[in-house]
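Peer 1: Chains as they are written, first to last, in the numbering used here: chain A, 1206 to 1300; chain B, 4 to 497.
Do not rely on the hints blindly, as some may be mistaken.
[Unchecked claim] Result set (DSBU-like, lysine-lysine): computed pairs, CA atoms no more than 35 Å apart in a straight line: (1) A/1297 / B/340; (2) B/288 / B/394; (3) A/1297 / B/87; (4) B/288 / B/492; (5) B/288 / B/9; (6) A/1266 / B/309; (7) B/340 / A/1215; (8) B/87 / A/1266; (9) B/492 / B/265; (10) A/1297 / A/1215; (11) B/340 / B/87; (12) B/309 / B/265; (13) B/288 / B/309; (14) B/425 / B/492; (15) A/1215 / B/309; (16) B/21 / B/492; (17) B/492 / B/9; (18) B/394 / B/309; (19) B/394 / B/425; (20) B/425 / B/309; (21) A/1266 / B/394; (22) B/265 / B/9; (23) B/340 / B/425; (24) A/1215 / B/425.
Treat the hints as calculated values from the structure; they're not laboratory data. Owing to the predicted nature of the structure, the values given are computational and were not obtained by experimental measurement.
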Amino acid sequence: MSITEDQARKVAHLARIAVDDAALPALARELSGILDFMEQLNEVDVDGVDPMTGVTPMRLKRREDVVTAGGVPEQVLSNAPDAREGFFAVPKVVE
Amino acid sequence: MTDVNKLTIAAARDAMRKGEVTAVELTDACLAAIEGAGALNAFVHHTPDMARDMARAADARIAAGDATAMTGIPVGIKDVFCVKGVPSQAGSRILQGFTPEYESTVTRNLWDAGAVMLGKLNQDEFAMGSTNETSCYGPAINPWRGADGTQLTPGGSSGGSAAAVAADLCLGATGTDTGGSIRQPAAFTGTVGLKPTYGRVSRWGVIAYASSLDQAGPMTRTVRDAAIMLGAMASADPQDSTCVDLPVPDFEAALTGDIRGKRIGIPREYRVDNMPAELDALWRKGADMLRDAGAEIVDISLPHTKYALPAYYVIAPAEASSNLARYDGVRYGHRAKLSQGDGITEMYEKTRAQGFGPEVQRRIMIGTYVLSAGFYDAYYNRARKVRALIKRDFDQAFDAGIDAILAPAAPSAAFPLGSVDKGDPVQMYLNDVFTVTLNLAGLPGISVPVGQDAQGLPVGLQLFGRPFEEAELLNQALVLEQAAGFVAKPDRWW
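Bound conformation, chain B alone:
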């Protein structure tokens, strides 16, 4: 077989079982593809020796008849996951040189299933960003380019994961989604990104941004692959007290392609002002596809949608300011060189000023402000009350018999790097308008590539599901994927 790095996870699994390809061959093909894709800046820490060792072990396991669906599948890991002995710095200078002494539950689960570790993937610093431009490694580059060859953002924060999957550098990648960081980059790169229900996947060993919102999930080329990879990532976990004690279903087995009688809601509040006409048209087309498959399309209202962004940008920075207090130059990572007479306060202040990039500093300070005495009620508590109302909107829709909700994944297709005004952070925050609601409500959501815009760039739609019903959500996404028949790939320029 040739170009085996382009296989889907499902096809690679089947080919390995039939003996048509080995895990070592798959891994070598991916390592060669990574080697040739330095221009994408997707992989930021490389682990080829580890990959080959794991691939050999996977081949032995397959030969012994002890394989899982992920055995021998080469994957990339977002830098935010702690992998024992491998640099893990969440795209931040402040964690320079940090090599964890322990393994995140998600990566432990993947290695236990036999997956192969190719390396760490680029991301926005501490997952704070929507363009990958806040990364200490410089941005990952979207394999899709603008019509005139302009370099585009792969989205963020899981931009390296999305770029790597789209460019066939790995068969799947892990991502994390706090406000859209899996779904928006998936939409920008023509790939599939699944954010599971909060609590489905353990957060243990995932470097924290906003703990009540963070959730890890798979980024893959197909819906079936997302189902397979989620099955390997998810588990109950005593190490994460918010991770639920629910059995992990066989998500792939739930992919029947039958959604007859399902009620799909179209939330009118997502039809925002100045929505590009082609995005609106694609959204309607997506609804038609689901209707043609036998679903019932229902107009619904989620009245507090408009307030999700401001609520998110209070709650997430508040939690971040607390979580990131641990980076103090004492236990790990960067410590500033001190001047004569500097005490411990100067050590903290200089270390954090040097170690954190501007967007992370900004969010820590906003979080500090909204939690400070005199402002806690006005900002933080009010935002948490609005969050309760946002979740209530979804609860009411589901109680009224809605099975899933269809919405755009991002307000536009991928845009040029450097085009967001650095002096106006709110402009970047607006990118998350369709995605943050889901994190605030803790629901599962999946972004599926459904078409291309006039420039030929991929555009995605997302489906939101009921809590812990990822299996049903994946099945609906499969129908959308099959009806859309999105097969376009970026022309190789890197």
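Next comes chain A alone, as it looks inside the complex:
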């Protein structure tokens, strides 16, 4: 499977990672190399096999649907690059 520069640009955007146009050919080549390596999986007969979702045969734990933590806005915001008036601040989203 070969990845084109356009596909590399699209996947970079989906991943929200800025990539210079000049870097796209190398990126496309690397991604193609990795996908080629994965092609081996097509040799395996997987008919009737369910995709594995977890390795431990246990039911996911349940708990009471109650608040167990919270009320610590200062701690939540303490690492924010930009926090104002008890909120995370980001560039304008709506025009």
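Based on the hints, put chain B in the right spot on chain A.
Peer 2: This is chain B only, laid out in the frame that chain A set:
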């Protein structure tokens, strides 16, 4: 006592109880060793004040007769664990300046047991790498050097942990293992690395790479120390819904050294093409050691082994692309400086381009690709089906009466830093050929140093055990350790 930083955890515990050494003395010896080992680049955040406070508290606890086996034991913590108030950035620039407001369950358990925090240890960025070279701090250096003095990788991703334990900077260290990140660095440094069964140790507060594969474990100088430290790290934990509600056994008490009648499988698919002859010879020697101790050696087949690497390099990046979506410059860590007119999309894209290193970007993009519409079935679902078959291989071996499996830990001994072709990521991935199967199947595994290659570098073998039977696995590893009698240490050059 002198050079107390070189003690094993078990010996230090016994000496503290007899009053021959104090936790403060042990801690000071480790802090001095760390101070003198800057060249190894193993410790990347230092917490000497915290260490001395904790050591004094440990001494008081020992005096009061309220000590656990880990009380007063100075340890290093891989950067991936959140420690409250201490920088925790998983080797990534994108978490620069992040100091957690909460404590990971593993470190909480260690501090509750009385262990002493020396600092944070170097690692590959977000645990993605096998050489420590993807770290934002620059690579940790292996205390073992090549014959001509070449600097070698300590392996990865827990390379700082392995280097610190091998160089006697701490008595034990935490690691995490998503595809071999505890076992391969242990093998490269002549130390012991245990990856527990998935679900044995809580993942709460461990910065996530691939959540269905990640598992934390101890890295130590001996098997006994691994047993002691795992006992302190493991717990049931309501904060991690995949952490099992099983009692934590006394792993050390299970170390009887008796493995008579155990059936040890030798998987023929692990005898890969171009395996170095000395590695093959060592593997056979390891099997002989277990046979001499009364185990039965059985040739077994794990037919889907060959497909573990490609399956892993679909599943792990897929989970990583989802897990690492949280690094967006909003809640913590780095945010890019924006230009006039930049909106929120530019903020995300620039922040992530600046904050993530090349290998992490690559894995996020591969993961994004294999999860994207039109490719999900062809790649991600197919890989998860192959994963089910890999686990079935192990289930069938265990159902047939196999108690443990013996395999090499890595395809070679430690190699020079900078020797893996950066333009060919697949070349680095091949390093994980013997280790990823275990993560895909969720099984416990332990790497034990068994010998040295022609250059004098340590070589390890690994044992795989049945799910949640770490106690039995550790006992088998003890037999291997005792028979191998590996005592070599790197000459101090740093």
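Peer 1: All hints, please: hold or fail.
Peer 2: Results of checking the hints against the structure:
For the proposed pair residue 1297 of chain A and residue 340 of chain B, the alpha carbon gap of about 15 Å is at most 35 Å, so the pair holds. The straight-line distance between the Cα atoms of residue 288 of chain B and residue 394 of chain B is roughly 27 Å, inside the 35 Å bound, and the hint therefore holds. Under the criterion of a C-alpha separation no larger than 35 Å, the hint pairing residue 1297 of chain A with residue 87 of chain B is consistent with the structure, at around 32 Å. Distance check on the hinted pair: residue 288 of chain B and residue 492 of chain B sit about 21 Å apart at the alpha-carbon level, within 35 Å; holds.
The suggested pairing of residue 288 of chain B with residue 9 of chain B holds, with an alpha-carbon distance near 28 Å, which does not exceed 35 Å. Distance restraint check for residue 1266 of chain A and residue 309 of chain B: the Cα-Cα separation of roughly 34 Å lies within the 35 Å cut-off, and the hinted pair is therefore satisfied. This hinted pair checks out: residue 340 of chain B and residue 1215 of chain A have alpha carbons roughly 24 Å apart, not beyond 35 Å. The suggested pairing of residue 87 of chain B with residue 1266 of chain A holds, with an alpha-carbon distance near 26 Å, which does not exceed 35 Å.
This hinted pair checks out: residue 492 of chain B and residue 265 of chain B have alpha carbons roughly 31 Å apart, not beyond 35 Å. About 24 Å separates the Cα atoms of residue 1297 of chain A and residue 1215 of chain A, which keeps this hinted pair within 35 Å; it holds. For the given pair, residue 340 of chain B sits about 28 Å from residue 87 of chain B by alpha-carbon distance, which is consistent with the 35 Å threshold. Simply put, residue 309 of chain B and residue 265 of chain B have alpha-carbon atoms about 27 Å apart, close enough for the 35 Å limit, and the pair holds.
Annotation: proposed proximity of residue 288 of chain B to residue 309 of chain B holds, straight-line Cα distance about 24 Å (limit 35 Å). About 31 Å separates the Cα atoms of residue 425 of chain B and residue 492 of chain B, which keeps this hinted pair within 35 Å; it holds. A distance of roughly 31 Å separates the Cα atoms of residue 1215 of chain A and residue 309 of chain B; the hinted pair therefore holds under the 35 Å criterion. As the CA atoms of residue 21 of chain B and residue 492 of chain B are separated by approximately 27 Å, the hinted pair is consistent with the 35 Å bound.
Straight-line distance between C-alpha atoms of residue 492 of chain B and residue 9 of chain B comes to about 11 Å, which keeps the hinted pair within the 35 Å bound. Restraint check for residue 394 of chain B and residue 309 of chain B: satisfied, since their Cα atoms lie roughly 13 Å apart, inside the 35 Å limit. Proximity of residue 394 of chain B to residue 425 of chain B is assessed by CA-CA distance (about 32 Å); at most 35 Å being required, the pair is judged to hold. Taking the CA atoms of residue 425 of chain B and residue 309 of chain B, the gap is near 24 Å; set against the 35 Å cutoff, the hint holds.
As the CA atoms of residue 1266 of chain A and residue 394 of chain B are separated by approximately 23 Å, the hinted pair is consistent with the 35 Å bound. The straight-line distance between the Cα atoms of residue 265 of chain B and residue 9 of chain B is roughly 34 Å, inside the 35 Å bound, and the hint therefore holds. For the proposed pair residue 340 of chain B and residue 425 of chain B, the alpha carbon gap of about 29 Å is at most 35 Å, so the pair holds. Restraint check: the Cα-Cα separation between residue 1215 of chain A and residue 425 of chain B comes to about 23 Å, which is no more than 35 Å; the hinted pair holds.
The structure is consistent with each of the numbered hints, conforming to all of them.
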